[in-house]
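First to last, the sequence lines map onto chains A and B.
With our numbering, the residue at position 305 of the first sequence is 305, and numbering never jumps.
With our numbering, the residue at position 348 of the second sequence is 1348, and numbering never jumps.
Hint data in this document are derived by calculation from the structure and do not stem from the laboratory.
Treat the hints with care, as some may be off.
Taking lysine to aspartate or glutamate and the EDC-like style, the derived pairs with C-alpha atoms no more than 16 angstroms apart in a straight line are [what the hints assert, rightly or not]:
| hint | chain 1 | residue 1 | chain 2 | residue 2 |
| --- | --- | --- | --- | --- |
| 1 | A | Lys-173 | A | Asp-242 |
| 2 | A | Lys-427 | B | Glu-1179 |
| 3 | B | Lys-1427 | A | Asp-242 |
Every beta carbon over 10 angstroms from chain A, so not counted as near; a handful from chain B, in silico [claimed, not checked]:
| hint | residue |
| --- | --- |
| 4 | Ser-1018 |
| 5 | Pro-1028 |
| 6 | Ala-1113 |
Which chain A residues stay away from chain B? Per the calculated CB distances, all over 10 angstroms, these [what the hints assert, rightly or not]:
| hint | residue |
| --- | --- |
| 7 | Asp-15 |
| 8 | Thr-42 |
| 9 | Leu-84 |
| 10 | Glu-92 |
| 11 | His-138 |
| 12 | Thr-172 |
| 13 | Asp-186 |
| 14 | Arg-190 |
| 15 | Glu-205 |
| 16 | Pro-334 |
| 17 | Glu-386 |
All residues carry an ideal CB built from backbone N, CA and C; glycine is no exception.
There are 2 protein chains.
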Amino acid sequence: MDERETLIERLRKGDIPSLLERAAEGEPLAAEEIAREIVEGTAVLCANGLRDIDRPCAIGAGLRTKVNANIGTSAERADLAVELSKLLAAVEAGADTVMDLSTGGDIDAVRRAVVANSAVPVGTVPIYQAAIESQERHGSIVAMTADEMFGAVERHAADGVDFVTVHCGVTTKALSALESTGRVADIVSRGGAFLSGWIIYNERENPLYENFDRMLEIARRYEVTLSLGDGFRPGAVADATDAAQIQELITLGELVGRCREAGVQAMVEGPGHVPLHQVVENVRLAKDICRGAPFYVLGPLVTDVAPGYDHIVAGIGGALAAASGADYLCYVTPREHLGLPEEEDVREGTIVTRIAAHAADLAKNPGFFMSWDTEMSRARKALKWERQVELSLDPRRAGGVLAECRVADDTGCTMCGEFCAMKFIAKYLGTEESTC
Amino acid sequence: MDERETLIERLRKGDIPSLLERAAEGEPLAAEEIAREIVEGTAVLCANGLRDIDRPCAIGAGLRTKVNANIGTSAERADLAVELSKLLAAVEAGADTVMDLSTGGDIDAVRRAVVANSAVPVGTVPIYQAAIESQERHGSIVAMTADEMFGAVERHAADGVDFVTVHCGVTTKALSALESTGRVADIVSRGGAFLSGWIIYNERENPLYENFDRMLEIARRYEVTLSLGDGFRPGAVADATDAAQIQELITLGELVGRCREAGVQAMVEGPGHVPLHQVVENVRLAKDICRGAPFYVLGPLVTDVAPGYDHIVAGIGGALAAASGADYLCYVTPREHLGLPEEEDVREGTIVTRIAAHAADLAKNPGFFMSWDTEMSRARKALKWERQVELSLDPRRAGGVLAECRVADDTGCTMCGEFCAMKFIAKYLGTEESTC
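Chain A extracted, bound-state conformation:
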């Protein structure tokens, strides 16, 4: 390992960077308290050592639930300008981080442009690029070498990426569990699929697991946070919480321990498709097995049957997951399971996931987070329409709908008109003055 100090090592000495001070704004914890969580490994500050970030954020215990928006090209849709519009839409809609999952066009160019233009931390999944380049170079994904896998991670880190998803828990052991149990949807994580195919074809252990020290060296060198990916996340509610998923989780818990020993920041990724009655147990299991590491969930999607509405399906699962302890929600867009999201999908997915995150924050820490809601309800009670729009999580949408519903004298809305319950009862309760 090289001698560069990691963030954790700096924080241990009481050296709090200004980036962390800024990340503490709007949080229930002060910078010093967040620093303690980072040192413990129960929070992370995703910030590549090479770059500054306009809107940094910390993720983890005691903090506001964060929202990630995935953008990126595919072979079918590869246009840098489109990706930069999606980046802007995500950030404007309030995403705390973005991930560039590009798999088409000039992947390096897109990533560099996203990092250069993003006001928020940027994550990637380097194995996608390694696999695509292996396909081009060797004619097959499974011909990918260990050097190529780690090379992609290092290239992304050197470009200033703040966190990388690495599927180090996709092991022969977890794969055996998957093969013996059987699944409706097998493997739906691309990284999980590529590495599982690699293991089966090469009859060898996953190099990202076997040579995890090499991953730790890269993470230290660039201060890149490791997001330990869940290659065996269930892709059907019937597959949730099975042996393959939990076997991988156990490995991720082991790797969290190795990150902590190495002074490397780590978080853990979670499912996936999970029926509602298994969401709480999934979060608790992940938190217990992975020693309180920040838990980053994709969804969870609580049913498989609603394509076109999967942002809402994920919002339901995400709200409950975060209320139960998940720290970070990856958005899902209305196009999930059908196609690559476009700009409006990015916006919609981000807003809906922020709703889920805020609903969870009210449950996690009502004392800190409920004042926003109460201010909104006071404006509602006082029939102050402009103020309600200003206070809305999405003022653009609220203002647009209101414009269509407004009644002439502004003393009610088209729902109740003169028979507004709040207006009516204020006269009798004598609460009219106090709330206006």
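Please build the complex by placing chain B on the supplied structure of chain A, with the hints as guidance.
For chain B alone, coordinates are given in the frame of chain A:
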């Protein structure tokens, strides 16, 4: 009481009407089992004794979670044709029941047309009409007489309405609790507001509570199900689970007992705005206090800050409420808190609430309800796109999005293209044939 036999009395004798046989289709319970729940008071079959219903449904313990869509005019928007379009939109989108909450135009004519044209059970809130007519007749809502209140209930029942919301739990005692505790949003239920104003102005107890026997007589005469309304439901998350709400709930529990003694079907209505960490306790409390009566929730809305997205906010709360035991979800539309829903809002609200209900059903009874999801995931794994659309909860939406995302050879979508995880791994796991 008159001598007409109620449904409960018929079922006690083993006489199961064909309407109940039809209501049992697609349910985890057989008609005889549902009959036992209805006799116990833990399920209801909302079906006015005077009429037949194309798509009847039972609501309660062990049954599929049901979805209600509210339609109806306001003083600002009163057009019978529009309401009939909304009725059709709700039923086509899969609403199990509709409620006509009209407060504008010719209220009697709208209600009669809705009852005549509805394929599903119809509910109303007669106190709205009583209040509006009192305003017209006496110049004030609080001048309404007890005869006018009960007269409105009877008029609705005589028109064939299948269930009526009656705010019999709005009592002087609950109102005192509200006044002494104080609230951010006071009273947001219109029925609750009208009756509270009446109690304060007249310095008398709520006639709907005081003369509850008269309500039972009407319910028996027309076999109309009583939906015991929650006039003190919280309208701000800060107001949730307070003394006024729980005091009213205790009264509703008492009235459930009186309904059972009288052979009258009853359900209980619940909140409202409730933060996520109080949803489960609200459902359990209602079920315990109201002796397992079917529980009908409006939302619950888990945050106040997202106008324009309140169908989603309610979907989050509703899914968790139903998974915890609520039996019946009243939809919320994207226009909630801003205006009266239009046809497209009715459709969107119904679909999103059905998603919440199905997510809850997977949690309540995965053995019975998960086969739909698994069939979808098999179609997804096999890349059978048309089949996925057919199986979708909203095939119209799924088909529309897919049409924009389709790739030429149909072997993937624009998200992953050739790098589809499911397609890739099937080769290595050897699962390709078995799933196609």
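Going through the hints against the structure:
A C-alpha spacing of about 14 angstroms is found between A:Lys-173 and A:Asp-242, which places the hinted pair at or below 16 angstroms, so the restraint holds. At roughly 13 angstroms between alpha-carbon atoms, A:Lys-427 and B:Glu-1179 fall within 16 angstroms of each other, so this suggested pair holds. Restraint check for B:Lys-1427 and A:Asp-242: not satisfied, since their Cα atoms lie roughly 22 angstroms apart, outside the 16 angstroms limit. Interface exclusion of B:Ser-1018 from chain A stands, the closest Cβ pair being 30 angstroms apart, more than 10 angstroms.
No Cβ of chain A approaches the Cβ of B:Pro-1028 within 10 angstroms, the least distance being about 16 angstroms, so the stated non-interface status holds. Distance check for B:Ala-1113 against chain A: the nearest CB is about 21 angstroms away, which clears 10 angstroms, and the non-interface claim stands. Chain B leaves A:Asp-15 outside its interface by the beta-carbon criterion, the shortest separation being 37 angstroms against a cut-off of 10 angstroms. Non-interface call for A:Thr-42 relative to chain B: holds, since the shortest CB-CB distance, roughly 21 angstroms, exceeds 10 angstroms.
The claim that A:Leu-84 is not at the interface with chain B holds, since no C-beta of that chain comes within 10 angstroms of its own (minimum 18 angstroms). With a cut of 10 angstroms on Cβ distances, A:Glu-92 stays outside the contact zone with chain B, its closest approach being about 16 angstroms. With a cut of 10 angstroms on Cβ distances, A:His-138 stays outside the contact zone with chain B, its closest approach being about 15 angstroms. Every CB of chain B is more than 10 angstroms from the CB of A:Thr-172 (nearest about 13 angstroms), matching its label as outside the interface.
With a least beta-carbon separation of about 6 angstroms from chain B, A:Asp-186 fails to lie farther than 10 angstroms from that chain, contradicting its non-interface assignment. Look at A:Arg-190: its CB is around 4 angstroms from the nearest CB on chain B, not clear of 10 angstroms, so calling it non-interface is violated. Every Cβ of chain B is farther than 10 angstroms from the Cβ of A:Glu-205; the closest lies at roughly 16 angstroms, confirming the non-interface assignment. Residue-level check failed: A:Pro-334 sits 7 angstroms from the nearest beta carbon of chain B, not beyond 10 angstroms.
Separation of A:Glu-386 from chain B is adequate, the least Cβ-Cβ distance of about 13 angstroms exceeding the 10 angstroms criterion.
When the structure is compared with the earlier hints, violations turn up for hints 3, 13, 14, 16 and for no others.
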